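K.L.:
The opening position of the sequence shown corresponds to residue 544 in my numbering, with each subsequent residue numbered one higher.
Just so you know, these hints were derived from the structure itself, not from any lab.
Please read all numbers here as calculations on a predicted model, not as lab measurements.
From the three backbone atoms N, C-alpha and C, an ideal C-beta is built for every residue, glycine too.
Wrong hints could be hidden among the right ones.
[Unchecked claim] With beta-carbon atoms standing in for the labels, derived distance ranges:
hint, residue 1, residue 2, range
1, Val561, Ala704, 23 to 29 Å
2, Ala845, Gly798, 22 to 28 Å
3, Ser642, Arg831, 50 to 56 Å
4, Gly968, Gly917, 25 to 31 Å
5, Trp909, Arg1076, 23 to 29 Å
6, Trp908, Leu1036, 39 to 45 Å
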Amino acid sequence: MRALGELERDLRTGTGPVPAAARRAVRTTFASCTGFFVFLYAFDRPVAATYALFGAVSLAGLARIPGTGRQRAAVMARLLPVVCFLVTLGTFLAVRTWSAVLGMAVVGFCLAFSSAAGPRAAGAAPGLQLLYILPSFPPYLPHTLGERLGGALAGLLLLIAAEAWILPDPRVPTYAERVAAAAAEAVRCAAALERPPYVATAPVSERARAAAESLRASRVPEAERPAGPGLRERALAHTGLAARTLLSRLRNLPGPAPGREPRRAGIELLGAVRESVTGTAALLRDGRRPATDSAELLRLRARNSRTPAELPESRRRQAALLEVADAAVALRTAAEIAVLGRRAHPDADAADRFWYVRQSTARLWWHRLAAHTGPRSVHFQNAVRIALALAVARTVAGLDSLPHGFWAMLAVISLTRTTAVQTRGTVRSALIGTCLGALAAGTVLALAGGETLLYAIALAPLMLVTFTVGPVRGVGWAQALFTLVVSLVFAQLSAVTWQLAEVRFLDVLIGSSIGIVCGLLAWPRGAHDELARAVAGLLRACADDVESTTAVVTAPGRTAGVPGDGEHQVRLRLVMAESAYAQYQSETQRPAGPGPDWQAAVLTGHHVLWGAGRVLGSADGPPLARGEAAGLQEYAARVAAGLRRAAEASDAPYPTGKAGPTRAPGTGDLLPGALTPPTEAAPPDAGLAYFATTAWLDSLTTDLRTMAAGHATARAPG
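Please model the entire structure based on the sequences and the hints provided.
P.N.:
Structure below.
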């Protein structure tokens, strides 16, 4: 009953998987059938008709470009030159089997590796693969290139028009609007902190926590996630991180000393934070600079950093307020870059944090691709896996003269998954569906014979059902219905018999078998092992950065520090860990069960980066006393040791059993020494640098507790 109620609600509101699949099915059917029928029956151009149909099906049915119809239309319009290049290249490389195989391997790798550029490129890659596969098979007919290009472009232009104008999808909030809403909640939280009791009450804290959670990638539609390598995408991701950091700092702001009113300077700083964040929310909502800037916030932050409070408790609150101010400044700067691009001018203090502003677009792309060039990147692993499978499939199809061999390669790109377990399960369902679809198609072809009019009448309704039911019911239904569709299509292009359905099943069997074998040979566990290694490397880099940053703060005669190689290593390792974690979330882990809190480890990397910048920025005051420096160094050493123990625990093997993944025996209690902050009271005359560093190490200690809880759950028996 609940499922029926949810379906009724989805149909009424136009949201949910069924209405979305139905809208896309209507657009796909309109574009593909219109081009196919016009070229085949009006102009008698079967080659152009074939490319018109598969051009629309490739980017609408096989590809999974995220977003609304108009967002997908914009992506497809930018891909038109790529489509022309792939069709041309595939046409000319089909002259020999060896050239076709070589081209398949190179193009397959490049298209699969493009997923490193973000979800839109990853979603379009399978469709582009099909548009290259289609012309790369014999017969070698370069003189038909004009018809091929004309058909493909006609099908895609029809699809672009359909995506933009037919049954438009409901609008969803953009990531900038989500961050603006989170910033508005931060404004309300800051206003509450300006009044007694000067700490976040339970309702205020809960609203702030919910606003921060709304910015998590798992709760943001894939099309709205700022995952691209460009300037604005990086800045928008930075904006969301700054908003989450600001909300966290406001929620956990310590209260004033018992029996005392908070310092007036701190209340004024909170007011400046509120004004600045109000302007940031307006900037993200309206897309233009607000009337107010962050000059007052910068002035009050500088004044508070130069005037320490009298009591240690007040100085602890003052250090926390400076962290709040720093997060608000970072939020404003990142938002300006995200909205205004290179017209935004970060101040000198933010030059290292927002390093990408000084880089050209080509350089930013190079940074992203170079970071993933190597066997430790899941994007690289996936690209190698799919390129190997496509090359093998093309070799088999060429040497054995496999009829309709591109169906085998279509099975490779549509059924191969990132883990061998997933591929095996997908192939089993696909083969069952294809077998049933082949039986149905063979029956239809045997009964209808050469009555092409019947095939033409049945094609459009069948495509509507296929592209509505397939995405909702799974790969078995999709393969069964698609087998019927392609049988009706080829029955109109040439005379066929019921044996066409038999060929279809044979091709899918060969392609899926190749996918299974290549999946077993190339990183069969997908992102699981790579995520463990990436997280371990990230935590070790974090440990090194904690020690080096604390060494700068506690050095005699210190001056304000600048990020060094430690921060660069953390940033690089963080990129690898985040990409591995993103793929890991999309994989079916068998057997399912509790595991380590990988996201907590990834967030620790962000906390190290941001905290190190704040701590180094506070290092321009008077040098610390010997006792203060020794206490901070000892605390940092314990935190670094805890991070290294967490790295060892993350990288240890996880035997799998009926209860799910469990930690290998002998690891012992995780991080026992780092879970307790220093017990001694703060020195009465300690400066802001001491409290800023202590607050940073305290937050990392909290992260260690979270990771320890996740590891304890993972290794708990049963």
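K.L.:
Check each numbered hint from earlier against the structure, then list the numbers of those it violates in ascending order.
P.N.:
none
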